[in-house]
Amino acid sequence: MRALAWHGRHDVRVDTVDDPEIVNRRDAIIKVTSTAICGSDLHLYDGYIPTMKAGDILGHEFMGEVVEVGPGSTLKKGQRVVVPFTIACGSCYHCGKQQFSACDNGNPADNQDIAEKLYGQPMSGLFGYSHMTGGYAGGQAEYVRVPYSDVGPIVIPDGVDDDKVLFLSDILPTGWQAAENADIEPGDTVAVWGCGPVGLFAVQSAFLMGAARVIAIDHFPKRLELARRFGAETINFEETATYDALMQMTGGIGPDACIDSVGLEAHGLFVDNVVDQIKKSTFLGTDRIHSIRQAIVACRKGGRVSMPAVYGGIVDKFPLGALMEKGLTLKTGQTHVQRYLPGLLNAIMEEKIDTTFLISHRMPLEQGAEAYRMFHDEQNDVTKIVLKPGMASAAAATA
Amino acid sequence: MTDGATNSGQDDAPLATSKHGDPAGETGGRMRETAGDQITSRAVTINRPRTELYAYWRDFANLATFMENVERIDVKDATTSHWVVAAPAGKTVEWDALVTEDEAGSLIAWESAPGADVPNSGRIEFVEAQGGRGTVVTATILYDPPAGVVGKIVAKLFQREPAIQARRDLRRFKQLMETGEISTNAMNPAQAAAKEV
Ligand SMILES: NC(=O)c1ccc[n+]([C@@H]2O[C@H](COP(=O)([O-])OP(=O)(O)OC[C@H]3O[C@@H](n4cnc5c(N)ncnc54)[C@H](O)[C@@H]3O)[C@@H](O)[C@H]2O)c1
Ligand SMILES: [Zn+2]
Ligand SMILES: [Zn+2]
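Residue numbers (my numbering), protein chains in the order written: chain A, 1 to 399; chain B, 400 to 596.
Hints are computed from structural coordinates only; laboratory data are not their basis. Glycine included, every Cβ here is placed at the ideal spot set by N, Cα and C. Fair warning: there could be bad hints in the mix.
As the list claims (entries may be wrong) - If you want the footprint, here are the derived chain A segments under chain B, 3+ residues with CB under 8 Å: (1) 23 to 33; (2) 92 to 99; (3) 104 to 112; (4) 132 to 140; (5) 144 to 156.
Unchecked claim - To give a feel for the contact side, a few chain B residues facing chain A, derived at Cβ under 10 Å: (6) Ala442; (7) Ile445; (8) Arg449; (9) Val469; (10) Lys490; (11) Ile563; (12) Arg570; (13) Gln574; (14) Thr583; (15) Ala585; (16) Asn587; (17) Gln590.
To be verified - Ranges of calculated distance between the beta carbons of each label pair, as one might list FRET restraints: (18) Thr329/A x Glu451/B: 35 to 45 Å; (19) Lys53/A x Glu451/B: 52 to 62 Å; (20) Gly343/A x Gly489/B: 53 to 63 Å; (21) Pro342/A x Ala488/B: 51 to 61 Å; (22) Arg9/A x Ala593/B: 25 to 35 Å; (23) Ala488/B x Ala392/A: 44 to 54 Å; (24) His7/A x Ala593/B: 20 to 30 Å; (25) Thr499/B x Asp19/A: 48 to 58 Å; (26) Pro448/B x Asn236/A: 51 to 61 Å.
This is chain A alone, in the form it adopts within the complex:
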């Protein structure tokens, strides 16, 4: 089959590799019809996530048709499914508590060592996201082997477009969980750092959960425009000082809840960010944490900070004092995707959540390398790229 593989920093290629086969009883093989590139993939592309190996197949946001099932799968050939990016067994203690990204078993035994050492305990497996999270081949490919297919994938009713449901695999539940973790109360002002896919779904989710106002922060005009489409007020951090603007907009109180959906590659020439950048380039530190610092400092006393953004390592200049003195609550985590699927599928079907607005480009899988370059270099115009394995190159279309 054809699959998009990581070969190093800013080097991804579409390779020909063996088709996956059923290995375990609960496996299914999915023929991918749509697969997206995520902001998380950019962290791999930029070489910030350790334990990648040349040839690793990328992609954790995908859906397709069931073409083969193991005897322990509950899926049937021909069904269309969206697959969660978290690989969870459904039977361990954490799965029982619906903490699927903390599944004890989704990550193979040998791969758990690094995460155990780094984080104290290993987390679940993830598709296409380094060997620390399992070394699983990802979904930017024609076919994928999906373990524990009886608990992960959600079956999509006939006649519903891929574009409408694809984002159930990650960014929609991630934006939703981000808002849920912000414990929004009626009348709240919620500030969202980052108007990428995660931030934009967090904006929609925050309104659905009763926020009176949502303030979205970014520096790409087109992404800010999308946030405004959903009713958010916006701050362009290149034009206005974010903290000052937030204080003014909230009458000196600060936002009741702050959501960091930027992550370890924060942009901007802020002093702390530049220092982080130097440390990163000299291997003294790996994460640029400007946005979470700012979220904590801006948040109102007694407020909530939600951090869907991905960070990987140990950081410094973290405003622990502000967190403590102001009595803030901080919630975070990889998304427990499986927990949200039925509810969010309903919300899509009832048209309470708009998902298709996000897609700026649809391209053949064969043009995967170009797609990564575009998503990386042209963030203003490129909000989300969906790769289609079946699509002819000539038919490459821009939405």
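Let chain A serve as the given structure and place chain B with the ligands on it in line with the hints.
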């Protein structure tokens, strides 16, 4: 930094390994005590009843399913089993093991028969976990690295960090018991058999 497997093996600090000279009694209970013994012990909580876990383990033939180095274990009678373990360069090491303690539902201890190339013993305990979380399984493996050239080759196999081996084997045991299968990132059955990381 690209190879996860290698990284993990390099500077590993086993959770509960007492090296040369530590009294075996500290972690090994009633196990043999010799000056050169190495002990490794680790606990894992498995979301299944302890009788079920005990029963699976008590049939020693099952252990090869999740113990990576063990090629096969033949059960000879109620207390004796024959272990065939993969060694470097395609060789195998074999020995008989005898069950020395057996408490239904809670404890199994075994020990290699006299004359084994690598005298070793193991002990596994099953204790009900609090809060309905299943069973706390504690495994303790004790082995005595042999001297001499042949001994060195054999020991290499064990010294491939016994603590790493033990914790990975225990994770596989947990996976098998909780999910009915052993998680793998293999793309096909052949890769799975080759046990790639
Ligand atoms: N928790 C999870 O399970 C999960 C799932 C998916 C993605 N993520 C993470 O969420 C984050 C966002 O993902 P995405 O797909 O939306 O990524 P993205 O790269 O498309 O979007 C990030 C946005 O943040 C903006 N930004 C950069 N610096 C900023 C700053 N200083 N202030 C305000 N905005 C700034 C960028 O301009 C960009 O629009 C990433 O870290 C990703 O890894 C987490
Ligand atoms: Zn993603
Ligand atoms: Zn689980």
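Hints versus structure:
{"no.": "1", "hint": "23 to 33", "result": "holds (count 4)"}
{"no.": "2", "hint": "92 to 99", "result": "holds (count 3)"}
{"no.": "3", "hint": "104 to 112", "result": "holds (count 9)"}
{"no.": "4", "hint": "132 to 140", "result": "holds (count 5)"}
{"no.": "5", "hint": "144 to 156", "result": "holds (count 3)"}
{"no.": "6", "hint": "Ala442", "result": "violated (13 Å)"}
{"no.": "7", "hint": "Ile445", "result": "holds (9 Å)"}
{"no.": "8", "hint": "Arg449", "result": "violated (15 Å)"}
{"no.": "9", "hint": "Val469", "result": "violated (14 Å)"}
{"no.": "10", "hint": "Lys490", "result": "violated (22 Å)"}
{"no.": "11", "hint": "Ile563", "result": "holds (7 Å)"}
{"no.": "12", "hint": "Arg570", "result": "holds (4 Å)"}
{"no.": "13", "hint": "Gln574", "result": "holds (5 Å)"}
{"no.": "14", "hint": "Thr583", "result": "holds (5 Å)"}
{"no.": "15", "hint": "Ala585", "result": "holds (5 Å)"}
{"no.": "16", "hint": "Asn587", "result": "holds (4 Å)"}
{"no.": "17", "hint": "Gln590", "result": "holds (8 Å)"}
{"no.": "18", "hint": "Thr329/A x Glu451/B: 35 to 45 Å", "result": "holds (40 Å)"}
{"no.": "19", "hint": "Lys53/A x Glu451/B: 52 to 62 Å", "result": "violated (37 Å)"}
{"no.": "20", "hint": "Gly343/A x Gly489/B: 53 to 63 Å", "result": "holds (54 Å)"}
{"no.": "21", "hint": "Pro342/A x Ala488/B: 51 to 61 Å", "result": "holds (53 Å)"}
{"no.": "22", "hint": "Arg9/A x Ala593/B: 25 to 35 Å", "result": "holds (29 Å)"}
{"no.": "23", "hint": "Ala488/B x Ala392/A: 44 to 54 Å", "result": "holds (52 Å)"}
{"no.": "24", "hint": "His7/A x Ala593/B: 20 to 30 Å", "result": "holds (23 Å)"}
{"no.": "25", "hint": "Thr499/B x Asp19/A: 48 to 58 Å", "result": "holds (49 Å)"}
{"no.": "26", "hint": "Pro448/B x Asn236/A: 51 to 61 Å", "result": "holds (59 Å)"}
Violation of the numbered hints given earlier is confined to hints 6, 8, 9, 10, 19; the remaining hints are satisfied by the structure.
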